[in-house]
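A.B. asks: One-letter residues, chain by chain:
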Amino acid sequence: MDASQQDERYAAAAAEFGGAIERLARAYEAEADTRTDLIQDIHVALWRSFAAFDGRCSLRTWVYRVAHNTAASHVQKRRRLRPERWATLDAIEALPDADDPETAVGERRALSRLMALVHALSPPDRQVLLLYLEDLDAAAIGEITGLSAGAVATKIHRLKALLARRFAAQHEQGGGRA
Amino acid sequence: MSQPPDDLKTLWQGQDTETKVMSVYAIRTRAARFTFRRRLSYLFSFALIAVEVVMFGRYALILPNVGARIGMLAVLVGLGWTTARFSLGWPGKFPDAAASGSTLLEFHRTELQRQQLTFASMMVTVGPLLLAIVFSMALAVLNDPHRRWLNVTPVLALMAIWLVTAWFLSRRAERRRREKLAELDATRVEE
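Protein chains in written order, with my numbering: chain A, 1 to 178; chain B, 1001 to 1191.
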């Protein structure tokens, strides 16, 4: 692939998946300034990766894989600088819900609660949840994360149950969308 | 709401985004800067080694005492051995950003296994160099009537401190390495 093809592919991918990349960056990095750096890093990695893109997987899978790998590296690097505690799915399910359902109304509130949950998850579980929220199927998630289809299905099942429990209570109380 | 997760998908994907797509020029600049920094760090390491070789090599040539010269040559040999062993530990080529999770996992596992740093392996790497330094100091003391062991005591003390520190650091590094390997094992079982 020559340089102009690489540029064209990148431009097309950035236009199509720019929003998804930004959502992913929000899920991996809470600080606005650092998040901008992460988004730029992802775009750089994406552009570089198109030099080796052979079309053996879909463009969407490729973009998500590059974005998640870059974000995961960012998180690991940040973890060395500022250690913080992440929770596995088991630990998250054992935690009490921090928000009061009565006051948690509206999409904004639901989104911030969802974001808090995403930030608390360990990177492997976070990766699966984000891809699930982006509406990718289990096969595509497995292709991106390297997990087996069975492992992905199990994680998605548990994540859906967790989300249903957390957000159904809020919906009943507040009548919000989520 | 019968299916909260599906509504959450809509909510998640409906977030406002102000995507600022970077220009290709900006990306090229960043990529070039990154490559430059990596190369610079390698060059810096090589430059340090070169400075040491020049320094000890110069002493090996100009020192009046034959014993001291032999000692410097021994240090150079030790330095060569240490450099050769260090260069074996350079990390492998990192998989590109499009590598799958399993590829990255396997790469990390291989690197962790390859880069085992026990005190024993550290001693194999730097032991000859340390022995060479002691040997050169011994030759310098024995061949120079004006020099006493007391003169080289600070160097010996520094070496002792370095050894104790290296012992602690290698134990900690090995513990962390084992923890990471166990973590990777757990990840693999989950698959």
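If you're looking for bench data, these hints aren't it; they were derived computationally from the structure.
Note that CB positions come from ideal geometry on N, CA and C, so glycine has one too.
Among the hints, erroneous ones may be present.
[Unchecked claim] Here are some, though not all, of the chain A residues that point toward chain B, as calculated from beta-carbon distances under 7 angstroms:
hint, residue
1, E16
2, G19
3, W62
4, R158
[Unchecked claim] Computed, partial: chain A to chain B, Cβ under 7 angstroms:
hint, residue
5, E22
6, R23
7, S49
8, V66
9, E107
10, D135
A.B. asks: Does A:D135 pass the interface hint, meaning its C-beta sits closer than 7 angstroms to a C-beta of chain B?
C.D. replies: holds (6 angstroms)
A.B. asks: Are A:V66 and chain B close enough, Cβ to Cβ, to be under 7 angstroms, as the hint says?
C.D. replies: Holds, because the Cβ-Cβ distance from A:V66 to chain B comes to roughly 4 angstroms (cut-off 7 angstroms).
A.B. asks: Hint A:G19 vs chain B: min CB-CB distance below 7 angstroms?
C.D. replies: holds (4 angstroms)
A.B. asks: So, A:E107 near chain B? Judge it on the closest CB pair being under 7 angstroms.
C.D. replies: A:E107 check passes; min Cβ-Cβ to chain B is 6 angstroms, inside 7 angstroms.
A.B. asks: Grab the minimum C-beta distance from A:R23 to chain B and call the hint holds if it beats 7 angstroms, violated otherwise.
C.D. replies: Interface hint status for A:R23: holds (6 angstroms vs cutoff 7 angstroms).
A.B. asks: Any CB of chain B closer than 7 angstroms to the CB of A:W62?
C.D. replies: Where the cut-off is 7 angstroms and the nearest Cβ of chain B is about 6 angstroms from A:W62, the hint holds.
A.B. asks: Regarding the hint that A:R158 lies at the interface with chain B, is the smallest CB-CB distance below 7 angstroms?
C.D. replies: violated (11 angstroms)
A.B. asks: Is the interface hint for A:E16 satisfied, with its Cβ closer than 7 angstroms to some Cβ of chain B?
C.D. replies: Not OK, violated: A:E16 not within 7 angstroms of chain B, min 10 angstroms.
A.B. asks: Mind checking the CB of A:S49 against every CB in chain B and telling me if the closest is under 7 angstroms?
C.D. replies: Because about 5 angstroms separates A:S49 from the closest Cβ in chain B, which is inside the 7 angstroms limit, the hint holds.
A.B. asks: Does A:E22 pass the interface check with chain B, least Cβ-Cβ distance below 7 angstroms?
C.D. replies: Check passed: Cβ of A:E22 comes within 4 angstroms of chain B, closer than 7 angstroms.
Going through the hint list in order, the structure does not satisfy hints 1, 4.
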